[in-house]
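*Asks:* From first to last, the protein sequence lines are chains W and R. Going by the numbering used here, the first residue of the first sequence is number 3, and it counts up by one from there. Going by the numbering used here, the first residue of the second sequence is number 833, and it counts up by one from there.
Don't read these hints as lab results, they were simulated from the structure. Ideal placement from N, C-alpha and C gives every residue a C-beta, glycine not left out. Some hints could be false.
As the list claims (entries may be wrong) - On the chain W side, residues computed to face chain R include the following (Cβ under 7 Å):
(1) W39
(2) F41
(3) G47
(4) F242
(5) M264
(6) A268
(7) L272
(8) F285
(9) L286
(10) L289
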Amino acid sequence: MTTVISTNSTARRRRSFRPSPLLLTFVLVPFAIESIWVFWPAIQGVFFSFTRWDGLSAPVPVGFDNYVELAGDPVFRGALGNSVLWLVLFGGLSILGGFGMALALQRERRGVGIYRAALFLPVVFSMVVTALVWRVFYQPDGLVDQVLTAVGLEHLIRPWLADPETALYAVIIPALWRQIGYIMVLYLAGLKAVDPAVHEAAKVDGANNWQRLWHVTIPQLKGVNAVILSVIVIDSLRSFDIVWALTRGGPYHSSELLSTYMYSAAFQSLRLGYGSAIAVVIFLLALAVIIGYLVRAFREES
Amino acid sequence: MMGRLRTGGYHTAMILVSLLWLGPIIWVVVLSTRTFDDIATNGVGSLPHSFTLDTYVQAWTDGGQLQALINSLLVTVPAVLLSLGLAAMTAFALSRFRIPGRRTILLLMLAGNLLPPQIVLIPVSKFSELTGLYDTLWALIAVQVGFGLGFYTFVLHGFMRDLPNEIQEAATIDGAGVGQIFTRVILPLTRPALAALGALSFTWIFNDLLWAITVIRTEGNMPVTPALLGLQGQFVSSWSVIAAGTVIAAVPTVAVFLGFQRHFISGLAIGAVK
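Bound-form chain W, shown alone (with noise of 0.2 Å):
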């Protein structure tokens, strides 16, 4: 077969390759199959969000009238709010947490695993099983309200999902419950590639704990670092599963975020065209990481 050049064989580099017609269809099946459920359909997106659409009719092209509506409207503000508070808590508390998991339980010892395995199960749960966990402790007279009595602070009782003040939160709370797991687990590995013996240089130049984590194990994170926050953003833009399945936004949209004011602008509505400016608005907010992860990416590659 002549058709084979290994990828170090200097002496045919500059030959351009012909790819088999086999090697041709190992590309190009794949890549058409992903054309036509990702890029196409992602194409076709941005086109609709400049249309006004009911989904029966034709759509009807409306320029950037989407756009300002979008501007003016306070659901997608209040979303807008959210979706940041989201990135903010649920990202920051699962990387702080996650951190400082991965570091209590770094070091093999009796009853790690264990405890690993603890924190990482609710990670295989799926958002709607995780859901459905915790809205049994915030019924009324479920175990939230049962552990607020039994220490005396039963005037904090409310209906948590149904109160516009502590929807939001009610809904982060079992999200880092499924995420500091998976969080601990990428920092685990990152640590392990943390080379001992400038611990050990460290530790015999007389720092203490401290100093060692934040001037030894921290800067040999970065690599770790990035990829976790890139995570972090790309899930928290994404998240919708967990908010639909406890409360669809609700009550009021004080709950409401990017992903589910899209999907029921779009399904429930049936305002095409709005929601697909919501999507390109979402897609906006992603880009600047989706690009740095594929630089980053990338430039390991080669």
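Go by the hints and put chain R onto chain W.
*Replies:* Chain R alone, transformed into the frame defined by chain W:
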């Protein structure tokens, strides 16, 4: 003495944290075995005063969880096999041969996976209506494969690229064609990565809600994750039946996790250690 005290403190703290994580799960499992009357009189927050497994029977048959689980497996198993198979093909071609534009193709495919799904939801639902796939499991399989491919290809590409060249050269000298090199040489060596991605993608696809409610409408066609929301509507305030349904929906992914624990963790960590 200090050392022992510190160890004790460490384990106490970690046991408390673990309980915070395991507690809710245990609580729901216990709740799923309580009778309706017990919950009605003692409340959902109380300790159990009864034991029954009828709740599971109710969720399983009346709640339609049996059908929902079948639907889930009918979607998840083919979607995992197809997306990993296709991704392996592309990764193989792009990593082992000097195909023109290979970096651009890989970049594009990964970029597609990073897109927020919202941007394609409406077109995908319209496209599946157009092709007559709407409200069928086929639509769900197709979109799961299409959307997952980019990431799997990227991961497998990284793995295959690092395999030594000598093996492939030796196989070439022995007269093996491209197809044989793929199936006999490269694929077997890629097994660890395939196992890790397999365990991961199984849970991702099985746990999906958004795609399912976008391309499927009929209750009877819903996989188990979205069907749980329907169960919640059907058995309002029958908390033990809902809890039983929740346990049923969680068992398959927990089983995959326990069975493939090592692969699972290494799969999750793929991005972090590179």
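*Asks:* Now, for every hint given, state plainly whether the structure supports it.
*Replies:* Results for each hint:
| no. | hint | in the structure |
| --- | --- | --- |
| 1 | W39 | 3 Å, holds |
| 2 | F41 | 6 Å, holds |
| 3 | G47 | 4 Å, holds |
| 4 | F242 | 5 Å, holds |
| 5 | M264 | 5 Å, holds |
| 6 | A268 | 5 Å, holds |
| 7 | L272 | 11 Å, violated |
| 8 | F285 | 5 Å, holds |
| 9 | L286 | 10 Å, violated |
| 10 | L289 | 9 Å, violated |
When held up to the earlier numbered hints, the structure conflicts with 7, 9, 10 and fits the remainder.
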